[in-house]
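Going down the list, the protein sequences come from chains C and L.
Number 50 in full-length UniProt numbering belongs to position 50 of the first sequence; there are no gaps in the numbering.
Number 195 in full-length UniProt numbering belongs to position 195 of the second sequence; there are no gaps in the numbering.
No wet-lab data here; the hints were simulated from the structure.
Fair warning: there could be bad hints in the mix.
What the hints assert, rightly or not - Sample of chain C residues at the chain L side, in silico, Cβ under 8 Å:
#, residue
1, Arg92
2, Lys95
3, Ile99
4, Asp161
5, Pro216
6, Arg333
7, Gly409
To be verified - Partner residues are not named here, just some residues of chain L that face chain C (Cβ under 8 Å, in silico):
#, residue
8, Phe183
9, Ser185
10, Gly188
11, Ser198
12, Gly243
13, Val338
14, Gly414
15, Ala434
16, Thr444
17, Gln448
Stated by the list, open to error - From chain C, some residues computed to sit far from chain L (all C-beta separations above 10 Å):
#, residue
18, Phe183
19, Thr342
20, Arg345
21, Asp361
As the structure is a computational prediction, the values presented were derived from the model and not from experiment.
Note that the Cβ used here is the ideal one computed from N, Cα and C, for glycine as well.
Number of protein chains: 2
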Amino acid sequence: MLSQTVINRLKEIVGEKNVVTDKTGLFSYSYDGTLLSGEPLGVVSPQTTEQVVELVKYLNEQNIKLIPRGAGTNESGGSIPVENSVVVNFARMNKIIEIDTENFVAVVQPGVINFDLQLELEKKGFYYPPDPSSYKASTLGGNLAECSGGPKCFKYGVTRDYILGIEVVLPNGKVINTGGRNFKSEPGYDLTRIFCGSEGILGFVTKIIVRVIPKPITTRTMLATYEKVEDASQTVADIVAAGIIPTTLEFMDHLLINTTEDFSHAGLDRDAGAVLIIEIDGYPEDMDEQVEMIGEITKKANAREFRVAQTAAEVNQIWTSRRCAFGSVSRVRPSYGVNDITVPRSNFPQAIEGILKVAKDFGVTIGVVAHAGDGNLHPLILFDQRNKEEVETVHAAEQALCKMALGLGGTISGEHGIGLVKKKYLDSEFTPAAMEAFRRIKKTFDPQNRVNPGKIVNM
Amino acid sequence: MLSQTVINRLKEIVGEKNVVTDKTGLFSYSYDGTLLSGEPLGVVSPQTTEQVVELVKYLNEQNIKLIPRGAGTNESGGSIPVENSVVVNFARMNKIIEIDTENFVAVVQPGVINFDLQLELEKKGFYYPPDPSSYKASTLGGNLAECSGGPKCFKYGVTRDYILGIEVVLPNGKVINTGGRNFKSEPGYDLTRIFCGSEGILGFVTKIIVRVIPKPITTRTMLATYEKVEDASQTVADIVAAGIIPTTLEFMDHLLINTTEDFSHAGLDRDAGAVLIIEIDGYPEDMDEQVEMIGEITKKANAREFRVAQTAAEVNQIWTSRRCAFGSVSRVRPSYGVNDITVPRSNFPQAIEGILKVAKDFGVTIGVVAHAGDGNLHPLILFDQRNKEEVETVHAAEQALCKMALGLGGTISGEHGIGLVKKKYLDSEFTPAAMEAFRRIKKTFDPQNRVNPGKIVNM
């Protein structure tokens, strides 16, 4: 528990109403998108960089650890409080400071919700491509910390590709600025990207300059339905081989088709083995030809149905299916474990096979939703958290999934981060020398191990 | 001088003919694209990662410093040998290991010349976008070390955006592998990009996985000629505002038009104040409309002439003009100082004005070639290296250029690196805390300061 002296000082720094210490309040900040939890001693919500500096300095003096937090939607335990810690909640630093359409840049505070930025950008004809499924809740600071992906990475890349510069309060309370309003503003080594994907363990990002792009002139959304999973995989390979670069190549299997249909009523074929959501964008003149090519490719790959969304409402329904995928499985079993293993795209069919094998070997139910164009799969293991034996089986199955992905030349985590959940598998992906580099960089920035300790690597 | 014992051991490691210690041989490795030079004790050319490991370990024991080197084309002194050092020349590690068209990936050794990769890719319908003007000589390892740009960054980004993974021999001789055949293969923090742009001071990159893209179906190259520099600047703003994303928006001023014309005979108008080389790519159907729009924009901005290249030979001539720009000025004065200051694109006109002011204030001749779409300018200061007084004036003018760029929200170096040349200006761009971060990261990887010491920061 925090002493009254500490509480008073925190209130002085961030303001009376921006300090939470009551039991119910603390509970709200004790979990994230995983099944893990941990209670902090307090929650503070700074509104300025100067307040963050003050907080860092004061809590360092008090030997209290600090846990940065965006919206807490992350899937790897990255924002779970550890012992003797205060959560630094960035929800009140949610200003869009500037949208600079001349330089294709937006300057934001870290607590801005991804979707809110999209809305403001849309008014000016612009767009911020990395929009993870959580984008209606997740913050740009959180997206940066996890180097979030999303359904449009195949064409547009991940968060890393859109961060041009940051302001960071280091664990010693000093402030650095990196980058600028230009993707070439990165002399010396790349300080911006050391922080992007670092899961908040190296410091507190307090301002972000993001690259934005003109909103695509036209978009077309298609849905292809398959009896067999292999045929959907084949379609992905064939589309890419035809030289088409869709924005989206999203895959959902039979289980997910059914669980999402309950919510979205998009008219997905409940008997189907798999669907692909395919989206392209570009100049209006190119759309028809590409849609036709894609239609033919799906037919050649035995698609049962190929549908082109005709109205905005239809597009929205299809996307609702996809965006509600994670939550939708809760109707089947009370808990689910999300994974984000990623393999080279050409190994996507083998990864699907591998998942089926893991499900069989461990006797667990797994639904699959995937960013197929990125080779990034989200096998969702369904279980009941209250059943200890089942929980152990799920952990074993998760480990097997990671091993399988590594065996296919992939990674244990494509976009959700390592956090607490995958920390134990990280050294199966990296050599001891690389693990040592991870630890040393952490130590360089945070020698006392005070900022988000215990995430990614043990010190 | 190296002792015979050391020379013998080096020959054992890399082979007899891959060790250079004679005066003439050493001289060839004593300079780079700058006017600086420094003689190494020896030059070794490893052919395998294992040999690099052996070299690092052995030279560490001998307390001899190591200077990694690609083709030595860099413009910032990054590959200049320092005292008591051996150059590790990667020219013999020049194999294209694999081109994986399914995953849009090429795996290469660091000594592969950029142009050689382009040729191999072209056979398979692929393309590697970051092609700096030096691409016929510069290596992919060197491009990675400097995070090279080039004329097509406006649409396609810089080297950083195309590096998917690397193998690195650390200064302690240990090997790490980062990334993979997927842009989402970067769990933990971004080790790949810590090395990209680090100018070879953190270790030796021995293998690179690069992202490649399908070759654009159609390209159109245009040339717009202006009486006034301002009108060319205005065109850049207007094209971007029209929502067109060209691959190229290259600018050359009156002086460069004339010096390059001597070589390329592209028919540039020798009386003109400026030209813009504009290139677009995409689907054939979109080209005519965009060319027409661009033509109208240039006319509205008072272009004297707007020309669309009609044949491959014409395209080649225009590009020859641009690619020979740096070298071409040698006819005017014996030496030139290249700069690569970069500003937010919207400040391009002010940067041009700033350059003219510097030229006037310091009484120096400056020609300007620029990646105008990136706000990345190359003011070339012409002088005679043998005249000490003039050299001092040039240094003062360079400093003024850097200051001007920072004043416009830009950076002192957009694509050439810091090396030795800009080291003294780096702390005018970064806070002391950021400078400290640079030094600490160096120390983390290279505590003995043995690999490419003295570049970017003093330790």
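Now the hints, each set against the structure:
For C:Arg92, the interface hint is violated, since its Cβ never comes within 8 Å of a Cβ in chain L; the closest pair sits about 25 Å apart. Checking C:Lys95 against chain L by beta carbon gives a least distance of about 20 Å; that is not within 8 Å, so the hint is violated. Checking C:Ile99 against chain L by beta carbon gives a least distance of about 13 Å; that is not within 8 Å, so the hint is violated. The closest approach between the C-beta of C:Asp161 and any C-beta of chain L is roughly 6 Å, which is under the 8 Å cut-off, so the hint is satisfied.
For C:Pro216, the shortest C-beta to C-beta distance to chain L is roughly 10 Å, which exceeds 8 Å, and the interface hint is violated. Checking C:Arg333 against chain L: minimum C-beta separation of about 27 Å lies over 8 Å; hint violated. For C:Gly409, the suggested interface contact is upheld, since its CB lies about 6 Å from the closest CB of chain L, less than 8 Å. Interface hint at L:Phe183: satisfied, since its Cβ lies 6 Å from the closest Cβ of chain C, which is below the 8 Å cut-off.
With its C-beta approaching chain C no nearer than about 4 Å, L:Ser185 sits inside the 8 Å limit, and its interface hint holds. Below 8 Å, beta-carbon pairs count as interface contacts, and L:Gly188 has one with chain C at about 5 Å; its hint therefore holds. A least Cβ separation of about 4 Å between L:Ser198 and chain C falls short of the 8 Å threshold, and the interface hint therefore holds. With a cut of 8 Å, the hint placing L:Gly243 at the interface with chain C holds, because the nearest CB-to-CB distance is about 5 Å.
Restraint check, L:Val338 versus chain C: the minimum CB separation of about 15 Å is more than 8 Å; hint violated. The beta carbon of L:Gly414 is positioned within 8 Å of a beta carbon in chain C (closest approach about 4 Å), and the interface hint is therefore held. Checking L:Ala434 against chain C: minimum C-beta separation of about 4 Å stays under 8 Å; hint holds. At about 5 Å, the closest approach between the beta carbon of L:Thr444 and any beta carbon in chain C falls short of 8 Å, and the interface hint on this residue holds.
Given hint, L:Gln448 at the interface with chain C, is violated; its Cβ is 15 Å from that chain's nearest Cβ, farther than 8 Å. The beta carbon of C:Phe183 is not kept farther than 10 Å from every beta carbon of chain L, the shortest such distance being approximately 6 Å. Interface exclusion of C:Thr342 from chain L breaks down, the closest Cβ pair being 5 Å apart, not more than 10 Å. Distance check for C:Arg345 against chain L: the nearest CB is about 5 Å away, which does not clear 10 Å, and the non-interface claim fails.
The claim that C:Asp361 lies off the interface holds: its Cβ sits roughly 24 Å from the closest Cβ of chain L, which is beyond the 10 Å cut-off.
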